[in-house]
Amino acid sequence: MSGAAVDAPTVGPRARAVLADHDRLEVHDLYSPQGAPVYEAIAGHDTAEIREIVARTGTTQGPILELAAGAGRITLPLLTLRRAVVATDLSRPMLDLLAAKLAQLPEPVRARCTLVEGDMVQLRLAERFGAVVIGTSSVSLLADATARASLLDRVRAHLRPGGRLILTTVEPATGTPGGEDVFEMDVDGRRLAVYEWMPPGATRRVVTVVPTAHEGPVLPVLTSSVGVVPADLLADELAAAGFEVVDRHELTTGRYRDTVLVAGLRDPR
Amino acid sequence: MSAVQGAVARRSPGARARLMMWCAGTVPQARAGGDGSGASTPTLVTESASALLRARRSGLVTDATTVFAPEGTDGAIGCTGSLTVPGSELRVGDDFYLQVQGYSISEYVSVVGPTIIRIADAEDLAAFSADVLTAVRSGAFPEFLSHPLVQLADLPALGVVGPGAGPRARLWLSDDGTVAVSPSGVPIGDVDATLDELEHVWRARVDSAVTGDPTAIAGVVPEDVRAAALAERPEIVRFCRALDGLRNLRARKVPVPRVSGFGGTLGRGLEGHGGALDQPDAPFVAWSDDQYFLLSADGNRVFAVDRATAEAVEAVIVTGPADQARALLGDRAVDDVLRLLAGAGLAGPGAAHLAGAS
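First to last, the protein sequences are chains A and B.
Using my numbering, read the first sequence as starting at 1 and increasing by one per residue.
Using my numbering, read the second sequence as starting at 270 and increasing by one per residue.
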């Protein structure tokens with residue numbers, strides 16, 4: 001794929017200018033095996049929601065189910081609550097990264113964590129949980145409201161009476177214009193530039209990652225396009241699915257607002 | 270804040286610093302009281318206004334006691350929130366927020382302001398001990414622990430027993446009227462005891478322990494677990510002292526300092542001498558890039574020096590008795606170092622072997 005052939009709407013203008021300087025690109029999804037370590041590094045760049053998620057999960061009792069656990073950015077902090085954690089993810093490479101991290105921890109901590117590979121909208125476990133956690137705005141990875149409704153149905157099936165769903169979502173902060181942000185980070189000895197682009201009025205956020213310095217004929221590119229699910233919309237969908245939002249906390253960092261929602265079942269089965 | 274509380278706060282300048290020292294269970298050497306307690310007046314913290322009233326009536330709490338109590342309590346510095354529960358926040362007055370975190374989660378969350386890190390259970394203690402070992406082997410200290418806004422709580426439980434550790438400096442008053450030196454501690458008496466009586470009980474327990482204060486975290490970590498952890502990791506005290514120095518350097522924007530003895534030494538030829546990790550009261554040598562520093566044992570005083578001086582001081586500290594250092598450096602260099610340390614007040618009582626010049 002050539003830089004000139006990159007579809008204009010799929011990357012922001014600054015990322016596009018960088019890609020246009022290269023004749024050949026090797027493009028992978030950020031959630032692919034090639035992208036997993038980079039995704040983990042990017043997600044780990046922001047720790048603001050971790051404190052809020054753990055604090056709210058800490059007010060619940062019983063085992064914890066974490067959906068879209070990825071490489072464990074929230075899983076490992078949840079394990080400090082000294083409760084059993086079942087961590088699920090669709091991505092085997094991500095779970096492998098998490099397993100490697102768990103292997104570095106003391107046995108009592110490792111023993112509390114169970115990894116399950118699977119799709120969170122089709123999850124069927126025998127156990128019910130005191131808390132279900134969906135962090136890193138992972139709810140926005142789902143295609144549409146129908147998929148989110150399926151997710152909430154699975155959450156409902158796995159939540160104990162009195163249990164809580166704790167989830168986060170990111171949207172542009174009120175009053176901020178759409179635009180493109182870029183920051184650099186080091187991953188495995190490589191300096192990478194991360195472009196985050198959300199045009200005004202858009203419903204998806206585009207992330208493009210490229211090395212800041214590259215020699216060779218083919219430029220490696222990682223990209224993802226993630227839907228934005230506003231907190232108000234998510235709250236409405238929770239209500240429609242039989243949940244009641246009992247806590248809402250907003251964290252604004254720069255261009256985006258991260259909202260933590262805590263919900264319980266209105267009518268526990 | 271009420272007028273009374275405001276008046277109390279104004280009579281207690283440095284209330285925030287006092288609270289941080291109370292949490293830590295240590296005070297800088299310069300602040301140590303003449304009676305060795307480490308405080309000019311004792312500090313008492315309680316979440317129970319009713320228990321405080323009983324303590325005032327019994328005389329345990331006097332006008333000379335600095336008291337932190339729930340907002341609205343007369344004669345106390347008002348607080349909202351909790352110091353006891355990891356994950357909580359304590360607000361003092363209108364503008365000081367103190368975060369309280371458990372040790373294990375601290376590596377996963379960023380520092381957002383003044384923070385107390387508690388050893389909240391045996392698993393926290395194990396994680397802390399593992400970090401000490403990592404620092405000894407590699408020189409890498411946990412980034413969160415050396416942050417200038419962070420203080421590790423209950424240092425006496427980790428072997429750092431000095432000014433600020435005992436009941437004459439710090440008291441925790443529970444709702445049932447029992448008194449400990451920490452919210453994580455076990456009672457050493459109750460509101461009807463005098464300070465002398467509390468000090469006597471506490472001192473007896475400390476003297477009977479293998480090391481450190483066996484009461485300070487005994488409410489959350491079994492004493493046999495604590496004692497075993499300290500026995501397995503005798504470098505803990507030196508590690509805790511080094512943290513104070515690292516915070517001082519980081520506050521001065523010194524990037525990622527190394528500390529002599531942890532992961533190696535600055536100078537060569539010092540292998541096999543233990544890196545002074547068994548000398549908790551010795552000054553420190555630290556360095557970062559092309560900057561070199563001497564730090565007092567409590568980390569509160571910093572002197573910038575050149576590399577040659579840093580290496581010479583390090584050799585004297587690490588090799589112990591002055592004659593071994595002389596064999597390594599020569600008489601003149603050692604005498605220069607000893608004069609330097611004495612002149613800077615870095616050869617204190619706990620490091621007497623550094624005070625003698627030939």
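Treat the hints with care, as some may be off.
[To be verified] Here are the simulated SDA-like pairs of lysine to any residue, each with C-alpha atoms no more than 25 Å apart in a straight line:
1. Lys101(A) - Glu392(B)
2. Lys101(A) - Asp400(B)
3. Lys101(A) - Leu115(A)
4. Lys522(B) - Glu466(B)
5. Lys101(A) - Ser398(B)
6. Lys101(A) - Ala143(A)
7. Lys101(A) - Ala202(A)
8. Lys101(A) - Thr403(B)
9. Lys101(A) - Lys522(B)
10. Lys101(A) - Ala496(B)
11. Lys522(B) - Ser357(B)
12. Lys101(A) - Arg406(B)
13. Lys522(B) - Leu115(A)
14. Lys101(A) - Asp119(A)
15. Lys101(A) - Ala395(B)
16. Lys101(A) - Leu141(A)
17. Lys101(A) - Thr463(B)
18. Lys101(A) - Gly58(A)
19. Lys522(B) - Phe183(A)
20. Lys101(A) - Ala391(B)
21. Lys522(B) - His416(B)
22. Lys101(A) - Arg576(B)
23. Lys101(A) - Arg595(B)
24. Lys522(B) - Gly58(A)
25. Lys522(B) - Ala395(B)
26. Lys522(B) - Pro33(A)
27. Lys522(B) - Asp119(A)
28. Lys101(A) - Ala286(B)
29. Lys101(A) - Pro33(A)
Hints were generated in silico from the structure; no laboratory data involved.
Evaluated hints:
no.: 1; hint: Lys101(A) - Glu392(B); in the structure: holds (17 Å)
no.: 2; hint: Lys101(A) - Asp400(B); in the structure: holds (16 Å)
no.: 3; hint: Lys101(A) - Leu115(A); in the structure: holds (12 Å)
no.: 4; hint: Lys522(B) - Glu466(B); in the structure: violated (45 Å)
no.: 5; hint: Lys101(A) - Ser398(B); in the structure: holds (19 Å)
no.: 6; hint: Lys101(A) - Ala143(A); in the structure: violated (30 Å)
no.: 7; hint: Lys101(A) - Ala202(A); in the structure: violated (36 Å)
no.: 8; hint: Lys101(A) - Thr403(B); in the structure: holds (17 Å)
no.: 9; hint: Lys101(A) - Lys522(B); in the structure: violated (31 Å)
no.: 10; hint: Lys101(A) - Ala496(B); in the structure: violated (29 Å)
no.: 11; hint: Lys522(B) - Ser357(B); in the structure: violated (29 Å)
no.: 12; hint: Lys101(A) - Arg406(B); in the structure: holds (20 Å)
no.: 13; hint: Lys522(B) - Leu115(A); in the structure: violated (41 Å)
no.: 14; hint: Lys101(A) - Asp119(A); in the structure: holds (22 Å)
no.: 15; hint: Lys101(A) - Ala395(B); in the structure: holds (17 Å)
no.: 16; hint: Lys101(A) - Leu141(A); in the structure: holds (24 Å)
no.: 17; hint: Lys101(A) - Thr463(B); in the structure: violated (51 Å)
no.: 18; hint: Lys101(A) - Gly58(A); in the structure: holds (22 Å)
no.: 19; hint: Lys522(B) - Phe183(A); in the structure: holds (23 Å)
no.: 20; hint: Lys101(A) - Ala391(B); in the structure: holds (21 Å)
no.: 21; hint: Lys522(B) - His416(B); in the structure: holds (11 Å)
no.: 22; hint: Lys101(A) - Arg576(B); in the structure: violated (39 Å)
no.: 23; hint: Lys101(A) - Arg595(B); in the structure: violated (48 Å)
no.: 24; hint: Lys522(B) - Gly58(A); in the structure: violated (35 Å)
no.: 25; hint: Lys522(B) - Ala395(B); in the structure: violated (30 Å)
no.: 26; hint: Lys522(B) - Pro33(A); in the structure: violated (38 Å)
no.: 27; hint: Lys522(B) - Asp119(A); in the structure: violated (46 Å)
no.: 28; hint: Lys101(A) - Ala286(B); in the structure: violated (38 Å)
no.: 29; hint: Lys101(A) - Pro33(A); in the structure: holds (17 Å)
Checked against the numbered hints above, the structure violates hints 4, 6, 7, 9, 10, 11, 13, 17, 22, 23, 24, 25, 26, 27 and 28; every other hint is satisfied.
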